[in-house]
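Listed below, chain by chain, are the residues.
Protein chains: 2
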Amino acid sequence: MSEELVKALNDSTKQVNDLLYELLPERYPKDLYKASRHLIDAGGKRVRPFLVLTCCELVGGNPLKAIPLAAAIELIHNFTLVHDDIMDQDRLRRGVPTVHVLYGVPLGINAGDMLFAKAYEAALRAQRNVKPGRLFKALDVITEATITVCEGQALDMAFEGKMKVTEREYMDMVAKKTAALLVASACVGAIAGGGKSYEVARLGRAVRASGLAFQMVDDILGLTADEKVLGKPVGSDIREGKRTLIVIHGLNHAKKLQSETILRALGNRNASLEEITKAVNTLKSLGSIDYVAAKAEAFNQRAKSELRIFPSSNACERLLTLFDYIVERKY
Amino acid sequence: MSEELVKALNDSTKQVNDLLYELLPERYPKDLYKASRHLIDAGGKRVRPFLVLTCCELVGGNPLKAIPLAAAIELIHNFTLVHDDIMDQDRLRRGVPTVHVLYGVPLGINAGDMLFAKAYEAALRAQRNVKPGRLFKALDVITEATITVCEGQALDMAFEGKMKVTEREYMDMVAKKTAALLVASACVGAIAGGGKSYEVARLGRAVRASGLAFQMVDDILGLTADEKVLGKPVGSDIREGKRTLIVIHGLNHAKKLQSETILRALGNRNASLEEITKAVNTLKSLGSIDYVAAKAEAFNQRAKSELRIFPSSNACERLLTLFDYIVERKY
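Chains Y and A are the protein sequences, given in the same order. Per my numbering, the very first residue in the first sequence carries number 29; after that it's consecutive. Per my numbering, the very first residue in the second sequence carries number 29; after that it's consecutive.
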């Protein structure tokens, strides 16, 4: 990540972090609050708060006013991670053990619920700064996005047991599970900043395209990056049987033997490292990784072109830098 | 339950039910929406919606305007049930298998999250009928109550592994896990109905006392009612090691042998029916059940006396009837 972008992310989200910790104090019952803070502590890039604040500024608003909404969306994001890790039985996230691994499944569910409720506590603090009509609109957007994320998670799980998933089904699932909350971040920021409807819509479309690219790159990194930079074991996606676009493309273009190599590892929790490596190499030789990389870049171009209506500004530049970073990141 | 009260509950909550089904249509992904509707379908007394609508009317408001808020609180309640059943590994609820038993733990978590998000969708529909300031206040109350319920569930789980729980700790846990959302129902109804601060506070205090009585009676029924009317296996609370007030009183007053009889069954998932029965009989002979019944009645009197400031009205009468029903119900 460019130093510049790191600085922009950190600067803009410092106050969001402060609010997150204010909302999750070291309070009784201690284990619940500790479990709730665990993933927040572990880091994360705070891309969603960055989007909220940047889009607020981009339409001419004061980003400080959107801090509670930025914290709200980050809390929603973290709640979905805590619960998804239980559903998917993932043991590592952001390089540390997942919440349920440390605290058990019951407290993990409980902590996710707490983060969810805290998201609305955060959002409702915007009453001080954001006009009622705009705040209700922002709450509508956050709520609808969360419903959509739940649908996306259900689809993602259903795909794991499904032999044949089409590219179209995949795109729909990613739009729901990953892109929806990113889109909501942009829209909520623009709404809070006093943006006009067409500006909100345009930013939403830009971030939707970038969000789809984001997931595609994530899928690639899941196969090619190493565990240290990834924060979770290499090949997790293959072991869990995730129907990523790479796998869908691969299975659609594989000959019989190639299919067998992929399917031997796919969804097989006991697959050996060798079987995983063979499956990944087969996907590479089928051009599936290149295909998805090219598609991610095309979505990035689309995302950037959506921003053309906005006059050049510092905020707009930062957003374009984020879009490029999303497809260029190597970890 | 008196026929009159049944009719009052049904009449007042019919439109709430309609809204619940409108919010949870038979939509893609089908399993997720089916799992989310499961407990709503299974019934439940809709005590919380009744409280919202009745308290709205009691302070002079039009209860129809509070329907979205009543639906919201019922959805919050159902989300907590779905997740609690997973955390507590309960297999029966309202006489039917719990959500995770039918759909698996991952979809159970997912469905609970969906119900949670849908609660805010429901509440935000009140934008049409409730003034912004009052609706924000109602959202604050719902959100704080949900946070409190999460804390209560964490305490309840922590108690299961704890040897010594005091009566004070028990009351605090029940105030959080059970009473908080009932109190929120009353307050939200009164807020939406245009109630004055002291009216909202008074109704909150009344329902808090009644809510504590409610849980005590529930604890008694958990030991004395049979499976058919209870909707879950007799002795579940003992098997799960729940520190109910009955158990706390019993252990505080038991001699060595009596303690052993209780502890042999308490928290022992493999306890035989005979061991359960012996534990229950020991608690009876120690006067623990009578003690809790008397305490529940005292809380009921307190609840009713809180209502004295309100002039007699149909709504007030219905609320008093509900309070009495809560301590008199035999199932």
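It is possible that part of the hints are untrue.
One copy or any two copies: either way a pair holds, since identical chains are not told apart in the list.
Claimed, not checked - In the PhoX-like style, the derived pairs of lysine-lysine whose C-alpha atoms are separated by at most 20 Å in a straight line are:
1. 190 <-> 58
2. 58 <-> 192
3. 165 <-> 283
4. 190 <-> 73
5. 332 <-> 190
6. 260 <-> 165
7. 73 <-> 260
Because the hints were derived from the structure by calculation, they are not lab data. Computed from a predicted model, the values in this text were never measured in an experiment.
Provide an ascending list of the numbers of those earlier hints which the structure does not satisfy. 3, 4, 5 and 6
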